Amino acid sequence: MEDAGSLAAWITPGREQTAAGEEGFRQLYAATSRPLWGYLHHASGRSDVADDLLQETYCKYLLRHPPAMDEAGSRSYLFRIATNLLHNRIRSRDDAALEVPADRGVETNEETRLDVQAAMRCLKPRERELLWLAYVEGMSHAEIAGATGLGTMSVRILLYRARQKASGLLRPRGCK
Amino acid sequence: MMKPVSCERENSVIRALQTGECSGELRQHAAECPDCSQALTLAEALQAEARRTEAGFHPPDAHWILQRSRRLAREIAMRRLAFLLVAMRVLAALYVVAAAVWLLRGYAALPYREVASSMNGASTGFVLMGAMVTAVCVVVGLWPILRDSPRHG
Numbered sequence: 001m002e003d004a005g006s007l008a009a010w011i012t013p014g015r016e017q018t019a020a021g022e023e024g025f026r027q028l029y030a031a032t033s034r035p036l037w038g039y040l041h042h043a044s045g046r047s048d049v050a051d052d053l054l055q056e057t058y059c060k061y062l063l064r065h066p067p068a069m070d071e072a073g074s075r076s077y078l079f080r081i082a083t084n085l086l087h088n089r090i091r092s093r094d095d096a097a098l099e100v101p102a103d104r105g106v107e108t109n110e111e112t113r114l115d116v117q118a119a120m121r122c123l124k125p126r127e128r129e130l131l132w133l134a135y136v137e138g139m140s141h142a143e144i145a146g147a148t149g150l151g152t153m154s155v156r157i158l159l160y161r162a163r164q165k166a167s168g169l170l171r172p173r174g175c176k
Numbered sequence: 177m178m179k180p181v182s183c184e185r186e187n188s189v190i191r192a193l194q195t196g197e198c199s200g201e202l203r204q205h206a207a208e209c210p211d212c213s214q215a216l217t218l219a220e221a222l223q224a225e226a227r228r229t230e231a232g233f234h235p236p237d238a239h240w241i242l243q244r245s246r247r248l249a250r251e252i253a254m255r256r257l258a259f260l261l262v263a264m265r266v267l268a269a270l271y272v273v274a275a276a277v278w279l280l281r282g283y284a285a286l287p288y289r290e291v292a293s294s295m296n297g298a299s300t301g302f303v304l305m306g307a308m309v310t311a312v313c314v315v316v317g318l319w320p321i322l323r324d325s326p327r328h329g
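Chains as they are written, first to last, in the working numbering: chain D, 1 to 176; chain G, 177 to 329.
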């Protein structure tokens, strides 16, 4: 009976979705979709890529996620899926080329905004990921390591270098 | 001993910036520590950028994501079933080839004759009848799998 059950689960993945699970997902989606999109948008440098990968991230989460996971665990898992998808996208296509993100909002400090965008454009995708997770999401080195698949010590060193580079880029006017 | 590459309290400073709960001692540390003050400046700039871009973002409806994930789950299930059918078809073809080789080369060999000579007429007929029924069942069972492989393959 157990064999038949596991065979059925293998054939029909994600069939455990229930009404309660759907409600939980809606809450998680409402809480995480904006930060996740912001992360993908700035790490990829493109809003169309961020839109695509956001949907793909949640679909993969729904297909795979283990049943018992609290909100923090789910959030961390979502960032990990998104990071992996982003790396796959960079590897499979050559659209890692950085573009100025589309201007979607209103900014009070135009000079700062342009500086940040220019600085982000000059960084490598990995550096942007680390900076965003550390300084926007407020993740610890261990959490970043979990989300990116790097070792904690590597995160510490790479983040330090990325921070030095970004600070250097923000002080003078952008990169050449 | 390896020199640490950043301040141990950097993450606490960043979290304090996010939550707005910054103790006086932490604020003083951030002002004095070059690592933390650099991280703080960068975090403020990045968080302002995050607020700006996220304000203009309208996420697709969760219902739409759920529908898409169900559709994907169905597609995966179909791919897996198709894989199972292909595997069964390959096994069936291998079985047919092996049975044909056995019939052509092994059936007339000694063991069968020895077994047949040791049996009386009634039991031989019974064994042959059983073998025939088995062969018919196997052919009938394999027929649907082998028949339409070009159409679905």
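Hints are computed from structural coordinates only; laboratory data are not their basis.
Treat the hints loosely; a few may be bogus.
Said to hold, decoys possible - Looking from chain G toward chain D, a few residues come up when the C-beta cut is under 7 Å (computed): (1) Glu184; (2) Asn187; (3) Ala192; (4) Gly196; (5) Glu201; (6) Leu202; (7) Gln214; (8) Gln223; (9) Thr229; (10) Arg244; (11) Ser245; (12) Leu248; (13) Ala268; (14) Ala307; (15) Val315.
Computed from a predicted model, the values in this text were never measured in an experiment.
Idealized CB from N, CA, C, for every residue including glycine.
Structure-based check of each hint:
For Glu184(G), the shortest C-beta to C-beta distance to chain D is roughly 10 Å, which exceeds 7 Å, and the interface hint is violated. Evaluation of the Asn187(G) hint against chain D yields a held restraint, the C-beta minimum of about 5 Å falling below 7 Å. Taken as an interface hint, Ala192(G) does not check out: its beta carbon lies about 9 Å from the nearest beta carbon of chain D, beyond 7 Å. The closest approach between the C-beta of Gly196(G) and any C-beta of chain D is roughly 12 Å, which is over the 7 Å cut-off, so the hint fails.
For the restraint placing Glu201(G) at the interface with chain D, the shortest Cβ-Cβ distance is roughly 19 Å, beyond the 7 Å limit, so the hint is violated. With a least beta-carbon distance of about 14 Å to chain D, the hint placing Leu202(G) at the interface is violated under the 7 Å criterion. Because the smallest distance between the Cβ of Gln214(G) and any Cβ of chain D comes to about 5 Å, under 7 Å, the interface hint for this residue holds. About 6 Å separates the beta-carbon of Gln223(G) from the nearest beta-carbon of chain D, less than 7 Å, and the hint is met.
Satisfaction of the interface hint for Thr229(G) is found here, the shortest Cβ-Cβ separation to chain D being roughly 6 Å, below the 7 Å cut-off. Checking Arg244(G) against chain D by beta carbon gives a least distance of about 6 Å; that is within 7 Å, so the hint holds. The criterion of a C-beta within 7 Å of any C-beta in chain D is met by Ser245(G), whose closest approach is roughly 4 Å, and the hint holds. About 5 Å separates the beta-carbon of Leu248(G) from the nearest beta-carbon of chain D, less than 7 Å, and the hint is met.
The closest approach between the C-beta of Ala268(G) and any C-beta of chain D is roughly 19 Å, which is over the 7 Å cut-off, so the hint fails. Hint status for Ala307(G): violated, given a least beta-carbon distance of 31 Å to chain D, over 7 Å. Look at Val315(G): its Cβ only gets to about 26 Å from chain D, farther than 7 Å, so that hint breaks.
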